[in-house]
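A.B. asks: If you read the sequences in order, they're chains U and B.
Going by my numbering, 605 is the number at position 145 of the first sequence; the sequence numbering is gapless.
Going by my numbering, 594 is the number at position 458 of the second sequence; the sequence numbering is gapless.
Hints listed in this document are in silico derivations from the structure and should not be mistaken for laboratory results.
Hints are not guaranteed to be accurate.
[Said to hold, decoys possible] To spell it out: a stretch of chain U is covered by chain B in this simulated footprint if at least three of its residues, at any positions, have a beta carbon under 8 angstroms from a beta carbon of chain B; those stretches are:
(1) 520 to 528
(2) 666 to 680
(3) 744 to 755
(4) 773 to 783
Quick reminder that beta carbons are idealized off the backbone N, C-alpha and C, glycines included.
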Amino acid sequence: MGLSITWFILIAILWAGFFVLEGFDLGVGMLHSVVGRTEEERNAAVATIGPFWDGNEVWLIVAGAGMFAAFPSWYATMFSAFYLPLVLLLVALIVRGVSFEFREKVHQARWRTTWQWCLTIGSLLIPLLAGVAIGDLLAGIPIDAHQEFTGNFFDLLTPYGLYVGVTFTLLCLVHGALFLALKSTGTVRQRSERLAAMLSPVMAVAVIGFTIWTLTQSNRGDLPSLLELIAIMGSLAAVWLAWEQIYGWAFAATTVTVACSVLAVFADLYPRVMVSSTSARYNLTVTNTTSSHYALTVMTIVAVTLLPFVLAYQGWTYYVFRARVRVSDETPPAVPAQSQPS
Amino acid sequence: MNAVGLARWQFATTSIYHFLFVPVTIGLAFLTAILQTQWHRNGKSEYLRLTRFFGTLLVINVAVGVVTGLVQEFQFGMSWSEYSRTVGDVFGAPLAMEGLAAFFLESTFLGLWIFGWGRLPKRIHLLTIWAVSLGTALSAAFIMAANSWMQHPVGYKINPTTGRPELSDIWALLTNPVFLWGYAHVLLSSLVTACVIMLAVSAWQLRRGTDRKIFEPTARLSLIVLAPAMILTMFVGSELGVIEARYQPMKIAAAEAQWSTCQPCSFSLFQIGGGNHDQTPTQIIQIPHLLSLLATNSWNGKVVGLNPLQSQYQQKYGPGYYVPNVFIQYWSMRVMAYIAVIILALAGWGLWLIRRRRLASSRRFLFVATWAAALPFVMNTAGWFLTESGRQPWIVQGIQLTRNAVSPSVSAAMIATSLIVFLLLYLALGIVDVVLMLRYARISVPEPPVTAIHDQAGGPQSPVPAPTY
């Protein structure tokens, strides 16, 4: 039992890590053509996340694989229930993922516009869909005694789930705008700063609404949990700091807000992992979906051994690429880009 | 078609597609690392140019490989939820390890490598490409451990309450003979794939390029690696065949369309007719004893036929039809093996030309080598047909049947929808990828200013991490 809890927490942390890290690169993806009016500016905006986004996305893969390994029935029920939304999520991940690589490769207006839209829309759909899925875990969808989903596509569009999706998307937007404010220069930086100041109050209101709704949804009294309190304080701090133009700390504040919001949903779920709207007896729980003790022991040893290294080298990446990204016509690059085929 | 059929089509097409990119990534990451190491050692600028040239091809290829891998990771739960629920305790572990150990390493260090030119000290930057190469190889290790468990389940016990297999010995999983030999087979054939691609691109450049000389080293490098890699792939593959004949006799008997037991057994080069409804095809050019050798490693080895195996399986697992698609088995085995021979011949021809110092001037060889680029993809796909179709009707040999493994809550219409979506998307991606690979494979390699690249990070003129690979 002890290890199942450990793995439940670990999976919550992996999801939180995904939203914190991929969150800002999703935000940058959504905003890159808003803060960048010229080709050079858009390139500079995308270059701020160039070295990071792929590593960030692995958090999602590991969260999914972790659920598969530690709670096979949770993974089986959730992924088959969300079949069509997940197809859409995969399409979004695919077109967005290749757009980073493809957009630069051909100098042609239509080519670039296509991938620009792929990047923007893909980046918008990913937090929205992932947010709806996580919200639905708590909102509850029809699940029968055999842990099988019995509803249809529209049962997945729970009001709470949709609201969580919108909230997470807003969080990613502000998180990304602040990241851009920290990592860009010139006009891109100015626009990002303005956007962060404009969007952050909307985000804070959404987070407060999210807390209230989560409280009603989980039915456990009127008092917000510590995580929810921190999320609210973080979002308010982000607004204040963005207005005061202290962007480093504002980014720290959105980091805390994103992490605590995601963790709050999982904390309210526990010991359930998926609520059944059919009957509380059919809820999926940590106990009735867990893997065997031996499998969890093996997985724990592997995770405990490897995660510190992962955190270390991912952290090192952020250190290596800590400099702001200039728009390429401000200063000539030291390394000329590979010549293009005409 | 029902949900099972559609789910199988979807998994097969998306996996085959994914595995067009995987071997190129594994092999090309390794070869690019070698090129960069050579540049590091000899300091010759053409090696830097080659590193960056093949690095660009690698990166275009990785982009598609990574995103199509996501589909595979999600698909187990989406359309095979009964499978995931039943065997997740065992099968999930290597998958999660793959994410933790390999994906993080591969993607983080690829970012460092792509954007690290000029930011990282030379030596550290060299290490990042080796870390990428290690990540790709590790990734293949874990997924092959998982796949090998489906071929030959080990290290588990059945939970009496749930009736599901549970992991009981991770070490057994990681020393599964099917895994050890299968993994070596995949690594080696990935190296073969990348060598043929590198050879084809170099040959193309040598044929037309203005910058002829620069591609001679890579033509030579690819041939020198290709010949031993191809021989080893064939050797390991034949050992794998012996091991699979032990644990999955149906697979190997079907690969020879051997309906009745034989001893010693001959191998037919071709056959006319055949398949599950024709037990007496016309076999053309029989090589005596060869099947005995391939399947059992002994001159007079016995191979049990499909009919006796079918009655054995019925006694053991109950009524049902346990013979895989014989037509696919027979021909995928031959396509794989014959292409391997052709590639080996090509490598031999190339090595002979190197010896005669005529590699760069033999137009006939360069022409053939360019068009050989398609061969390894057909060979790899045939290999996967042989091993995966040969496991049917089981999804996990002896534990779960494929038809019992699909998601009960997912309708055939939903799978048909996603299948069409993925096919169209993959078609578009494939076209874009091929167009880009061709464009970038054809451009002449620019002379990069070597001195500028190795400014230390954080200098007053800190270089822009624009896409400069």
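A.B. asks: Which numbered hints are broken by the structure, listed smallest first?
C.D. replies: Number 2 - this is the single hint that the structure violates.
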